[in-house]
Amino acid sequence: MTPPRLTSSRQPLRLLQDRVATGLITAGGVGVLLAILAIGVFLIWETLPLLAIGESLALAKLSPLAWGTLKAALAALLFAIPVALGAAIYSALFMSARLRTRIKPALEMMEAIPGVVVGFIAGLILAPWVERHLASALVLMVWLPLSAGLAGLLWQLAKARLQRRLPLSWAGLWLIPWLALMVVIALWLAPWMEQLWLGGDLRQLLDQRFGMDYATRNALIVGLAMGFAVIPSIYSLAEDALADVPSTLIEGAQALGASRWQALWKVALAAAGPGIFSAVMIGAGRAVGETMIVLMASGNTALFSASPFEGMRSMAAAIAIELPEASPGGQTYHLLIFAALVLFIFTFLVNTLAEVVRQRLRRRYRQMGGTS
Amino acid sequence: MKAGKVNTASRRPRFNWLNDLWPWLCAASVALSLLMLGALLALLLVRGLGHFWPATLEEVTLRSGDTFAGHAVREVELPQQAGDERLYFTGNQDIEGARWRWVTIEEIAERAQPTDLIRLERSPWGDFIGRLSAIEQDGQRWEGDAAWHRLATLLALPASQRQESQLLLTTVDGQTLRQPLASVVSAQAPNAMSWWQKTHVWGDGVWRFLSEGPRAANTDGGVWPAIFGTVLMVILMSVMVTPFGVLAAIYLNEIAHQGRLTRLVRIGVRNLAGVPSIVYGVFGLGVFVYGIGGSLDEWFFSDTLPSPTFGTGGLLWASLTLALLTLPVVIVATEEGLARIPEAQREGAVALGATRLEMLTRIVLPMAAPAMLTGVILAVARAAGEVAPLMLVGVAKLAPQMPIDGEFPYLHLERKFMHLGYHLFDTAFHGEDVQAAIPLVYATALLLVLIVLVLNLTAIFLRHYLRRQRGNEC
Amino acid sequence: MMALLLVTPPTWGQSLPITGTLGAVGSDTMAGLMLRWGETLTSRYPEVKLQFQASGSASAPTALMAGTTRLGPMSRPMSTEERDNFIERYGYPPLELKVARDALIVVVHRHNPLRALTRQQVDAIFSTSRACGAEASIRRWDQLSATRDWSFGSIALHGRNLASGTHGLFQQRALCGGLFRNDISEHPGSSAVVAAVGESANAMGYAGFNHLTPAVRAVSLYDDDGIAITPDEAAIQSGNYPLSRYLYLYVNLPPGASLPPAEQALLALIMSDEGQQIARASGFVPLTPSVLDAQQRW
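Protein chains in written order, with my numbering: chain A, 1 to 372; chain B, 373 to 846; chain C, 847 to 1144.
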């Protein structure tokens, strides 16, 4: 830092410069903020002509899309929430500090994988595979959590030396080969189990017994693929919230005789609850707006069906395929822009809610930190 | 984790289900996430890079007596549990009318791998798989091994110096074909190759994929224009987003009155990062392309109407849209950096007589620079992988002419451009033959993921490094 | 009328230096074909620049109208409404050129025993309205006699998205203008339809003929005389196959004006023998010489 040269002749120039620069920054800053605001204004402006058409038509056209959007988001969250929260709890409370500095960026890296890549894998590779091996896929979903429990059981029974070699704090890493092995075993056993218990193809059974249709690209696939994309955002925020819970709280609870489970459930989760809530909200916002994955993996059928084996069509995907063809000023154009407005408002509200909750939580922790 | 009803405190067995199992479920969640990530990357790596490895050609004889040559691609179960079938890539689309053949395993009588089978890459009709019987040139004729050597010498020359000659080709079932040399891109006899030669061919293939333009309606060739388009678009975007993002952040953090309104605006900006990218695309299409672009055309380019200049999606609009999309990322990151600078630094500067401008440019900005850089890198990483908004504002299926060339004004902002992500979507869903395109799609996906991951890793390391450095300072 | 539109069409092969940008917005079905024509053109005139966007035939009139392109490849003829809109905007009709022959095919998985369908059956499978006169909807494979033993339950339907000409034409020709079922998976490209059908045994879909791969089989259709006609090159070229169609290129050309050289060269290439062979290599069917001659006269 050079000390400012205070020659009196330059003083007015400096002040002028300062005033001009401040003005410029203000103008630039306000301009940028206004430009951002313009998005909302534009969307509302372009939606106004819809009022002339009447809302019943808009409702009829948009309601399957809205349902599809919700179904896709719900499917994704059903998969993502348990996995992301489990991962967050583990890495905030159990993982060794050294491992955590490596694993957290690795998991956050998942978020960076472009949606178009995930969509391609889901739509063209995973979907046909699941269709041919539906039973195996379903078995895997049950088998993987069970096998994690099995790992825990075996670990409890194992000798102390082995327990030291494979500690819980590193389990996030050494369970990977275990799970991979379990996947292989499940894939090997599933067709056989399908023969034995179901007497043939699960899909035929679904069809004959329950009259359920099966579409190649369905909510199950979208849930898996979009869940994969949403896990990192939920994980990252939930982990932050849990890691910020003052450790004195958990230690105190355990000192007072609470089991680890109780300490987690009654203390840590309760304290970080709002943070976890906002993490889930952010995840939901992402799932609702994700375009390429749904476009490539959902089949784009505008159906009102709750079946996990049938497709759906989301608003974002409909905008992406149909807006380039809609003539500007036409009815479809306005309808699609209305869909964009709905997406905008929804994600904006959800994110605002999450943000407000998070800020309040931060204040609460600060108070806790102050008193303890 | 769900079955939280059991009262665990009352009895204390040695193994407590709830207490001892749930950490494992949580640990398994981490393991599962990592496993999925690893599996995805491994799949992309193996399939993306494996495509360039010269596959062993088989001569397959069926029980019906039919023969064909090709390389096995994959096997699937027949419907109704009737065994397996195998997909062969057979090439020869001009002779057979198809490039693929499905045969059930039971049908196959014999599989051989003769070393004289060759694979020619041709430009209008795709690959030829079969045998080279002769080469004719100016009345001269080479046959057998001599023909193969002659072909190798001819192909080693640059395309302009190759003399006009004819290749006489035979398929394994005896059909013959005359092929002018001009249409041949490359030739291999993979069954006769050593491991070293194959590695060489592989390296060559990877290089050509990266450096050439697409051929045969995007089902073949490379992705160079897409790489170039992606990079150029991202550079333009960061040129636009950095100054504005930083300005807005400085305004919010240093100049604006820190009241309720500023707090609301800050929350608003943060939330815009969560608004779906497709919404930005809609905005870009409506405002930039139809609105501003349309007006620009009417005012300045009316002589070329109805051919539009700026009234259609293009490089400029795409970069602007993505700049808007990534603006919140840069603002938030810069603001975080600014907020972390101790107030004492600012006060010290002002106390020494610095104006606000001097305080900002000499003290605050240099200290916040790393945070800004992180923000820009994160913005770039986000923009490089974004496809949905681009579909609305200017990405093209094929634009082999680069947006930069020797023609005035050198940088053509109005041109459409190719983008890796859209190229991936396009070849996987719009191409002529998905099966043929899938290996290239894998390779493109791998490339895209690598670019995005490298950018993100840079941001993470930068942040980590700078935080530690700053930690030492304090 | 067309004779007035172009003054001197250059013959294909003239080696004048031609520059300019060729932009086209329209049919996804024709994307590959347009690309190959473009590639051939640029290999001869390296100065010509290509920009193609393919999101569906419906985008061509929109783009022509909005002025975002001069060339609009379409896999169906323009509707009267689209044409009227164009005339209203510019005061003259767009120049319509037939550039190749194609057909819509109904495809099933390669192992599916189904060989042929009547028009009524196709309608009964894909539509809710049954405008072609079928008595009941067909939902399940065992409702068709050929696939009584094909134990895959209900028929999973695959098709194209709303904007594509394939979607519109199938609706008009195969469904007799009726309404599609709403549980058809809508794919953003014909090759995605074929790939999806090739992967699942219970699937049926419709796509452009050029996307036919050995992973699926094209089902023959009965014509009005009750003869099952396989969609092969001869049947499509002659128009005997019920769902055959022309592919069109619409050009925004004011009367009396002439096209820029790049567009002229492209049209000349398309109408040449070489251009038609390229169409064949892309999986389409070349035009008959009489159709070509009729259009040469412009």
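Since the hints were made in silico from the structure, they are not lab data.
One should not assume that every hint holds.
Said to hold, decoys possible - Every beta carbon over 10 angstroms from chain A, so not counted as near; a handful from chain C, in silico:
| hint | residue |
| --- | --- |
| 1 | TYR936 |
| 2 | ARG961 |
| 3 | SER983 |
| 4 | SER1031 |
| 5 | ALA1049 |
| 6 | ALA1074 |
| 7 | PRO1135 |
Stated by the list, open to error - Examples of chain B residues toward chain C, derived with CB under 8 angstroms:
| hint | residue |
| --- | --- |
| 8 | TRP596 |
| 9 | PHE616 |
| 10 | PRO738 |
| 11 | HIS802 |
All C-beta atoms in this analysis are idealised placements derived from N, C-alpha and C, irrespective of residue type, glycine included.
Now for the hints, and whether the structure bears them out:
At the 10 angstroms boundary, the C-beta of TYR936 of chain C stays outside the reach of chain A, the nearest C-beta of that chain being 15 angstroms off. The non-interface label for ARG961 of chain C is consistent with chain A: the shortest C-beta to C-beta separation is roughly 23 angstroms, beyond 10 angstroms. Under the 10 angstroms C-beta cut-off, the non-interface status given to SER983 of chain C relative to chain A holds; the minimum distance is some 14 angstroms. The claim that SER1031 of chain C is not at the interface with chain A is violated, since a C-beta of that chain comes within 10 angstroms of its own (minimum 4 angstroms).
Here ALA1049 of chain C does not stay apart from chain A, with its beta-carbon only about 7 angstroms from theirs, under the 10 angstroms limit. With a least beta-carbon separation of about 28 angstroms from chain A, ALA1074 of chain C lies farther than 10 angstroms from that chain, consistent with its non-interface assignment. Distance to chain A confirms PRO1135 of chain C as a non-interface residue, since its nearest Cβ pair spans about 35 angstroms, more than 10 angstroms. Interface hint status for TRP596 of chain B: violated, as the beta-carbon distance to the closest one in chain C is roughly 15 angstroms, over 8 angstroms.
Because the smallest distance between the Cβ of PHE616 of chain B and any Cβ of chain C comes to about 28 angstroms, over 8 angstroms, the interface hint for this residue is violated. Restraint check, PRO738 of chain B versus chain C: the minimum CB separation of about 44 angstroms is more than 8 angstroms; hint violated. A cut of 8 angstroms between beta carbons decides the hint on HIS802 of chain B: the least distance to chain C is about 4 angstroms, and the hint holds.
The structure does not agree with the numbered hints 4, 5, 8, 9, 10 stated previously, though it agrees with the rest.
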